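In order, the protein sequence lines correspond to chains A and B.
The numbering used here puts the first residue of the first sequence at 7, with every later residue one more than the last.
The numbering used here puts the first residue of the second sequence at 7, with every later residue one more than the last.
Hints listed in this document are in silico derivations from the structure and should not be mistaken for laboratory results.
In this text, all values refer to a predicted model and were calculated from it rather than measured experimentally.
Certain hints may be false.
Intra- or inter-copy, both count: the list cannot distinguish identical chains.
[Unchecked claim] The list that follows gives simulated cross-link-like pairs (lysine-lysine, BS3-like), each with its CA atoms no further than 27 Å apart:
id : residue 1 : residue 2
1  : Lys379    : Lys8
2  : Lys379    : Lys88
3  : Lys106    : Lys442
4  : Lys103    : Lys63
5  : Lys100    : Lys88
6  : Lys40     : Lys379
7  : Lys60     : Lys40
8  : Lys63     : Lys379
9  : Lys40     : Lys63
10 : Lys442    : Lys432
11 : Lys103    : Lys88
12 : Lys63     : Lys8
13 : Lys379    : Lys106
14 : Lys108    : Lys8
15 : Lys108    : Lys379
16 : Lys379    : Lys103
2 protein chains.
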Amino acid sequence: MKTVVWQSLSEQQRESLLQRPAITAGENVTAIVKDIITDVRQRGDEALLELAEKFDKVRPESITVRQEEIQAASDRLSEDMKQALQQAYANIAKFHKAQKAKPLQVETQPGVICEQVTRPINAVGLYIPGGSAPLPSTVLMLGVPAQIAGCRRVVLCSPPPIADEILYVAQLCGITDVYNIGGAQAVAAMAYGTESVSRVDKIFGPGNAFVTEAKRQVSNDFNGAAIDMPAGPSEVMVIADSSADPDFIAADLLSQAEHGPDSQVVLVTPEPSIADRVADAIASQLSSLSRADIARQALGSSLMIIADSITQCVSISNHYGPEHLIVQTRNPRDLVPLLDNAGSIFLGRWSPESVGDYASGTNHVLPTYGYTKTYSSLGLADFTKRMTVQELSADGLLELAPTVETMATAEGLDAHRRAVSIRVEKIKQSRASTLKEA
Amino acid sequence: MKTVVWQSLSEQQRESLLQRPAITAGENVTAIVKDIITDVRQRGDEALLELAEKFDKVRPESITVRQEEIQAASDRLSEDMKQALQQAYANIAKFHKAQKAKPLQVETQPGVICEQVTRPINAVGLYIPGGSAPLPSTVLMLGVPAQIAGCRRVVLCSPPPIADEILYVAQLCGITDVYNIGGAQAVAAMAYGTESVSRVDKIFGPGNAFVTEAKRQVSNDFNGAAIDMPAGPSEVMVIADSSADPDFIAADLLSQAEHGPDSQVVLVTPEPSIADRVADAIASQLSSLSRADIARQALGSSLMIIADSITQCVSISNHYGPEHLIVQTRNPRDLVPLLDNAGSIFLGRWSPESVGDYASGTNHVLPTYGYTKTYSSLGLADFTKRMTVQELSADGLLELAPTVETMATAEGLDAHRRAVSIRVEKIKQSRASTLKEA
Numbered sequence: 007m008k009t010v011v012w013q014s015l016s017e018q019q020r021e022s023l024l025q026r027p028a029i030t031a032g033e034n035v036t037a038i039v040k041d042i043i044t045d046v047r048q049r050g051d052e053a054l055l056e057l058a059e060k061f062d063k064v065r066p067e068s069i070t071v072r073q074e075e076i077q078a079a080s081d082r083l084s085e086d087m088k089q090a091l092q093q094a095y096a097n098i099a100k101f102h103k104a105q106k107a108k109p110l111q112v113e114t115q116p117g118v119i120c121e122q123v124t125r126p127i128n129a130v131g132l133y134i135p136g137g138s139a140p141l142p143s144t145v146l147m148l149g150v151p152a153q154i155a156g157c158r159r160v161v162l163c164s165p166p167p168i169a170d171e172i173l174y175v176a177q178l179c180g181i182t183d184v185y186n187i188g189g190a191q192a193v194a195a196m197a198y199g200t201e202s203v204s205r206v207d208k209i210f211g212p213g214n215a216f217v218t219e220a221k222r223q224v225s226n227d228f229n230g231a232a233i234d235m236p237a238g239p240s241e242v243m244v245i246a247d248s249s250a251d252p253d254f255i256a257a258d259l260l261s262q263a264e265h266g267p268d269s270q271v272v273l274v275t276p277e278p279s280i281a282d283r284v285a286d287a288i289a290s291q292l293s294s295l296s297r298a299d300i301a302r303q304a305l306g307s308s309l310m311i312i313a314d315s316i317t318q319c320v321s322i323s324n325h326y327g328p329e330h331l332i333v334q335t336r337n338p339r340d341l342v343p344l345l346d347n348a349g350s351i352f353l354g355r356w357s358p359e360s361v362g363d364y365a366s367g368t369n370h371v372l373p374t375y376g377y378t379k380t381y382s383s384l385g386l387a388d389f390t391k392r393m394t395v396q397e398l399s400a401d402g403l404l405e406l407a408p409t410v411e412t413m414a415t416a417e418g419l420d421a422h423r424r425a426v427s428i429r430v431e432k433i434k435q436s437r438a439s440t441l442k443e444a
Numbered sequence: 007m008k009t010v011v012w013q014s015l016s017e018q019q020r021e022s023l024l025q026r027p028a029i030t031a032g033e034n035v036t037a038i039v040k041d042i043i044t045d046v047r048q049r050g051d052e053a054l055l056e057l058a059e060k061f062d063k064v065r066p067e068s069i070t071v072r073q074e075e076i077q078a079a080s081d082r083l084s085e086d087m088k089q090a091l092q093q094a095y096a097n098i099a100k101f102h103k104a105q106k107a108k109p110l111q112v113e114t115q116p117g118v119i120c121e122q123v124t125r126p127i128n129a130v131g132l133y134i135p136g137g138s139a140p141l142p143s144t145v146l147m148l149g150v151p152a153q154i155a156g157c158r159r160v161v162l163c164s165p166p167p168i169a170d171e172i173l174y175v176a177q178l179c180g181i182t183d184v185y186n187i188g189g190a191q192a193v194a195a196m197a198y199g200t201e202s203v204s205r206v207d208k209i210f211g212p213g214n215a216f217v218t219e220a221k222r223q224v225s226n227d228f229n230g231a232a233i234d235m236p237a238g239p240s241e242v243m244v245i246a247d248s249s250a251d252p253d254f255i256a257a258d259l260l261s262q263a264e265h266g267p268d269s270q271v272v273l274v275t276p277e278p279s280i281a282d283r284v285a286d287a288i289a290s291q292l293s294s295l296s297r298a299d300i301a302r303q304a305l306g307s308s309l310m311i312i313a314d315s316i317t318q319c320v321s322i323s324n325h326y327g328p329e330h331l332i333v334q335t336r337n338p339r340d341l342v343p344l345l346d347n348a349g350s351i352f353l354g355r356w357s358p359e360s361v362g363d364y365a366s367g368t369n370h371v372l373p374t375y376g377y378t379k380t381y382s383s384l385g386l387a388d389f390t391k392r393m394t395v396q397e398l399s400a401d402g403l404l405e406l407a408p409t410v411e412t413m414a415t416a417e418g419l420d421a422h423r424r425a426v427s428i429r430v431e432k433i434k435q436s437r438a439s440t441l442k443e444a
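Construct the entire structure; sequences and hints are all you get.
Have a look at this one:
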């Protein structure tokens, strides 16, 4: 890890230090993904099976995973594993249930009632990557909010063979539509539908460069599907003062570094001695990791920044906008009001990132690559949409009419004005005639 | 307007009837916008001035609108206009203030505290189109939530000369950074910054095909800016039963039709006689409109659908997913729980769309083109982002540790497991030694 002293840097050096490495899908990936999407749209299931053979080196017996297979997976799983997954499920469900939006009703002026109501997105698709190890935690992070939001149809795609842990969590989350498909073709199938896979409105989940590019392409198509958020490499920043335990910090930095060679790992501290001791602890912990090679690569481009003060650490963090921010200082809670632009914040020495990755209750799908400035930690809101409702009484309309008529006139929209004035006339006429009769 | 009987259509005919016309920016627009963005990034203000001359046929004296000009605009405005704008401001502010998110804190299991906090997006850019008439209502719909959210910097761009109404509303909303720039170049300036225009994190607002394409391009760039939502032509659907007033429906349909030749206007009713009477009322109201030509073009591609029942009307609406939905039935409120996929819903005979367009309090920036299935009516949430925070006690961590360790092992992530187990060991050691000392 490179160590730099913040005060010694020019404004421009600071900017470039915190700059993320450029991500480009590459012309190559863009074109391949475009072809895959076209192929899936044209040939449906047949294309899915052929592409699975080509890219995943497996032609699944069937695209749809049968209920019996899901049940069998659950039967094979150890009790320990089931208990762990159930505990994580319970915590994530509790935190996401608390995010339910309450209906909102406001009488903005007498007789003018404005409301905001929330509805689940009807059909959502969850993409779960394959690879050497299964990712049941990602199924939890996507499946639990989809279930709580009340999405009517939840589709899960993952490259075959799908691990027992994934099928078990899918069952916990009430997901019945599970498909043996991975890669860009899975995204295409969910966005446009095939004979086996019914199309969804919004697609969630992480993936490799092809999956990310496919999500980008379908979300740019008016007839495609919406997506959760743009994706970038995973990141952690740790703010530490002299009270922090260097072993803990080293373990946290390494747990980010093992994700992938492109993981971003940054320590910011006003204590040069902490930086030194963390470096030693990393060296000693690194050797025993199974993914030491990956972690070593990630650490190669990682940073230790020596700041002037904790206040400066906070301002560096707000500028960088990390996906994960771990605060190991004497009074971490005091810093929360000052912190901005972070996906998820972990306070104090007993809150390692990995509890949030798995089981504390917060979502591990977070904006990366500086998108923390505009995007949110994934939550129930991402599986719903807000509609507004309004209802005016005759008196409410009479009272508001001059305002609307004046503004519509200024904007040159006659018919907008008339939609109001034609009603006002009728109200006045009807009241006049009632008065006459009486 | 074309009238069709829903029951007489095949499934496929129904699909294609509700299909929106294809939108394509055109290779041409894509390329022009790409060049404009490159030019603004390279040459900054100088490019902005030249592009204004080229496209808007005005070279503004200065890119920045001075405070005195804003004050002068306000002085020129009539009292009636100011009062109307103030009333609209008050209602919109009241409804959007009510949307403030409350901080959320949940103890998911003993000693494990998870929170959700909300922060304003730091810098936002508002685009206000020019054209024959000013659009102060759009400034309200974007400026009010930006102000209430507490965005630190709010930038407004509009092609010169900027109307007094727009400058006055900008002042009401506390916007001080107003720029004489329009078109794709304004979007580029806000996304990347120039000497005069400081860059923003997220860009909001409607515009022509060039503005829309520029927003799409900058939102696809990792170094660009986020945007509010995808844009399509404006739409209204009216559900009416025999209790509805045909004159009101005609006025509402026309107020949508006058927006532009590509506006979508649909009436759904179980009463053929209502459709006939609405057609007559449209014919009689149309002639006196200043924008009759535009409205006539829009009506050319518009629809009256005769349904079997109000239930079928609701299901057609949910399938179509209109931006605006007006419900003129005997008991409109009874339908709300059944309605889905609408941007904003107007209940009953005294709630024309134009009250929501201007002054009732709801936002008029709404998803169109079927995006109501996944996107929300613009609200305070779009000017903020949610971060999660968590804090575990030593006991909380001890209790949760086995779950995290089991899951990390299953996912093959050693360092994730160790970030927990290294802490658990220390807690146990420290408690053992305390016990020994005692």
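Could you figure out if Lys442 and Lys432 sit no more than 27 Å apart (CA to CA) within one copy, between two copies, both or neither?
Within one copy only: 15 Å inside a chain, 89 Å across chains, cut-off 27 Å.
At most 27 Å between C-alpha atoms: does Lys108 with Lys8 qualify within a copy, between copies, both, or neither?
neither (48 Å within a copy, 41 Å between copies)
Regarding Lys63 and Lys8, is the shortest C-alpha distance of 27 Å or less found within a copy, between copies, in both, or in neither?
For Lys63 and Lys8, the Cα distance exceeds 27 Å both inside one copy (40 Å) and across copies (53 Å).
Regarding Lys379 and Lys103, is the shortest C-alpha distance of 27 Å or less found within a copy, between copies, in both, or in neither?
For Lys379 and Lys103, the Cα distance is within 27 Å both inside one copy (25 Å) and across copies (22 Å).
As a check of your reading, is Lys63 near Lys379 (CA-CA no more than 27 Å) within one copy, between copies, both or neither?
neither (40 Å within a copy, 36 Å between copies)
Checking Lys100 and Lys88: alpha-carbon separation at most 27 Å within a copy, between copies, both or neither?
within (18 Å within a copy, 48 Å between copies)
Lys106 and Lys442: within-copy, between-copy, both or neither at 27 Å Cα:
This pair counts as neither: shortest intra-copy Cα distance 52 Å, inter-copy 48 Å.
When no copy is named, should Lys103 and Lys63 be tagged within, between, both, or neither for a Cα gap of at most 27 Å?
neither (40 Å within a copy, 55 Å between copies)
With identical chains, the pair Lys379 and Lys8 could be close in the same copy or across copies; at 27 Å between alpha carbons, which is it: within, between, both, or neither?
Only inside one copy: Lys379 and Lys8 sit 26 Å apart there, 47 Å across copies, limit 27 Å.
Evaluate Lys108 and Lys379 at a C-alpha cut-off of 27 Å and name the case that applies: within, between, both or neither.
This pair counts as both: shortest intra-copy Cα distance 26 Å, inter-copy 20 Å.
Could you place Lys60 and Lys40 in one of the four classes (within, between, both, neither) given a Cα distance threshold of 27 Å?
The answer is within: 16 Å in one copy meets 27 Å, while 36 Å across copies does not.
Give the relationship of Lys103 and Lys88 under a CA distance limit of 27 Å: within one copy only, between copies only, both, or neither.
within (22 Å within a copy, 44 Å between copies)
Checked against the numbered hints given earlier, this structure breaks hints 2, 3, 4, 8, 12 and 14; the rest are met.
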